[in-house]
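There are 2 protein chains.
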Amino acid sequence: MDFYSKFVKRREKLNSLLCVGIDPDIAKLPPSLEKVPDKLYVFSKEIVDATAEYAVAYKPNIAFFEAFGSKGIEQFEKLISHIKTNHPEIPIVADAKRGDLDNTARQYAKFFFKELGVDSLTLSPYMGSDTIKPFIEDDSRMVFLLCLTSNPDSAELQQKTFSETGRTLYREVAALSEKFPVKNVGLVVGATHPKELLEIRKAHPDRIFLIPGYGAQGASLEEVISVCGKNSLVNSSRSIIFSSSGPDFAEGARKAAASVSEQMRKLLV
Amino acid sequence: MDFYSKFVKRREKLNSLLCVGIDPDIAKLPPSLEKVPDKLYVFSKEIVDATAEYAVAYKPNIAFFEAFGSKGIEQFEKLISHIKTNHPEIPIVADAKRGDLDNTARQYAKFFFKELGVDSLTLSPYMGSDTIKPFIEDDSRMVFLLCLTSNPDSAELQQKTFSETGRTLYREVAALSEKFPVKNVGLVVGATHPKELLEIRKAHPDRIFLIPGYGAQGASLEEVISVCGKNSLVNSSRSIIFSSSGPDFAEGARKAAASVSEQMRKLLV
Chain A
947 MDFYSKFVKR REKLNSLLCV GIDPDIAKLP PSLEKVPDKL YVFSKEIVDA
997 TAEYAVAYKP NIAFFEAFGS KGIEQFEKLI SHIKTNHPEI PIVADAKRGD
1047 LDNTARQYAK FFFKELGVDS LTLSPYMGSD TIKPFIEDDS RMVFLLCLTS
1097 NPDSAELQQK TFSETGRTLY REVAALSEKF PVKNVGLVVG ATHPKELLEI
1147 RKAHPDRIFL IPGYGAQGAS LEEVISVCGK NSLVNSSRSI IFSSSGPDFA
1197 EGARKAAASV SEQMRKLLV
Chain B
947 MDFYSKFVKR REKLNSLLCV GIDPDIAKLP PSLEKVPDKL YVFSKEIVDA
997 TAEYAVAYKP NIAFFEAFGS KGIEQFEKLI SHIKTNHPEI PIVADAKRGD
1047 LDNTARQYAK FFFKELGVDS LTLSPYMGSD TIKPFIEDDS RMVFLLCLTS
1097 NPDSAELQQK TFSETGRTLY REVAALSEKF PVKNVGLVVG ATHPKELLEI
1147 RKAHPDRIFL IPGYGAQGAS LEEVISVCGK NSLVNSSRSI IFSSSGPDFA
1197 EGARKAAASV SEQMRKLLV
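Chains as they are written, first to last, in my numbering: chain A, 947 to 1215; chain B, 947 to 1215.
Calculated directly from the structure, the hints in this document are not laboratory data. Heads up, some of the hints might be wrong.
Identical copies carry no separate label here, and so any pair may be met within one copy or between two of them.
Stated by the list, open to error - Here are the computed lysine to aspartate or glutamate pairs in the DMTMM-like style, where the Cα-Cα straight-line distance is at most 20 Å:
#1 K1141 to E1169
#2 K1060 to E1020
#3 K1017 to D984
#4 K1056 to E1020
#5 K1017 to E1061
#6 K1176 to E958
#7 K959 to E1023
#8 K985 to D1194
#9 K981 to E1083
Chain A on its own, in the form it takes in the complex (with noise of 0.2 Å):
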């Protein structure tokens, strides 16, 4: 099944947005874990059976595991083959940014959408459109294009806008991914920029929207999804997998990807 129909499936069995971010940063792994061999993966794979009732998407963000090289990189593949058995109608995003020339950038494809089997990737969208057509040339993909990252130095480049159209970076991005059907291409666009979330909103009323960022800074959960709607995946990382740092931490998971689901339940009645 293609990503926009899991994804779509997903959201209305659970009448949830939440995308559970998988980010086993070393540092902050629990110590009952340490002597652990694979504890990214044995940490990773426990919290995703712990919060599957509750994940409309996974978000593993390959960078934690690359930080090991190749053995980190194993561990990334028995995770994703892990999600894919048991819990296959999951849709996985496989966050990476990646984005080179065309004949590279079906290299990373070849990897992500054959070998591994995720459903989706993240893109940095700087080289422009030849660079992400490779990846949706099996039209079952979806990739999510860096519009208006989370970061504070996002506005350096993302924010200045465009004499010839008129539109900022972001926006540019953003018009650039109506090239593409919807079901293919969809934006990352942060929750610490509630002015710009709306107005990317409103210009784009059916792209798939990847957010993250919520809460501290940015937009609250309730902000997010009222300006945004249905047409989103909302990621929680930290907050959902680093809940407890005890023995228990696959429970803790469990109880804060529960409480968040809880929320957006009731804000999308």
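Starting from the known structure of chain A, fit chain B onto it as the hints suggest.
Structure of chain B alone, referenced to chain A:
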């Protein structure tokens, strides 16, 4: 030794700017390697050993290894280790085009600079300065920011002009590089844009440029060198590494590298 010193030393010794791009596209490997296990590594290693006397730097692109997942990354690790052990004087630019939030960027930095120990890395600048800084906390390291890339659709975003500064996006990235020392941040500028190459060089005379795409559709080697001068690494990949598809592929690469080097030496007099 830091990247910058290694580069300068090597450039002066060889009187050349040749960066050999290692892009072992599986579809183009010599048939003689068909049954060789670890053929990405074997091919790349042979190319490296055959061209080492002419290479000012090597630029292996990790995508061609990542295409095969952890097994591919293992071969990438072996290749980097081989270069560092046997040709320690030749700096390595890992072509990866990464870019992510600060803590996540730190994970990529850990892999490339600590685990692998390459000297330099290509990055996408889309997310801004706070996503670049983690890579150069160790100030012996160098990153090359994508500035004006060689693909046709690079114009879509990169060649539009910001009304706030009157600069194109690619010039804005070049301006952003000036926040950092020359020895830590360089620019990727495709030779497919000769006019813009001159414009960027005039504004940034001391930055190190990494220049792919000369010949074919773009500027000639002569033009690139006369415009960009010595603070440049001029990349050649396919025309060297796939010079011969026979069992003599390494000798073919050696001859191709020797020929480009000879041209460069004449142009640099």
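Here is what the structure says about each hint:
In the homo-oligomer, the alpha carbons of K1141 and E1169 lie at most 20 Å apart inside one protomer (10 Å), although the nearest pairing across protomers, at 47 Å, exceeds that limit. For the identical chains of this complex, K1060 and E1020 are neighbours both inside a copy (16 Å) and across copies (19 Å), given an alpha-carbon limit of 20 Å. Taking the shortest Cα distances, K1017 and D984 sit within 20 Å of each other both inside one copy (8 Å) and across copies (16 Å). In this homomeric assembly, K1056 and E1020 come within 20 Å of each other (Cα to Cα) both inside a single copy, at 16 Å, and across copies, at 17 Å.
In this assembly of identical chains, the alpha carbons of K1017 and E1061 lie at most 20 Å apart whether taken from the same copy (16 Å) or from different copies (11 Å). With identical chains, the CA atoms of K1176 and E958 are at most 20 Å apart within one copy only, with a shortest distance of 10 Å there and 60 Å across copies. Taking the closest pair of Cα atoms, K959 and E1023 never come within 20 Å of each other, the shortest separation being 28 Å inside a single copy and 44 Å across copies. Taking the shortest Cα distances, K985 and D1194 sit within 20 Å of each other inside one copy (15 Å), while across copies they are farther apart (45 Å).
When the C-alpha separation of K981 and E1083 is checked against a cutoff of 20 Å, the pair qualifies neither within a copy, at 43 Å, nor between copies, at 30 Å.
Comparing the model with each earlier hint shows violations of hints 7 and 9; every other hint is respected.
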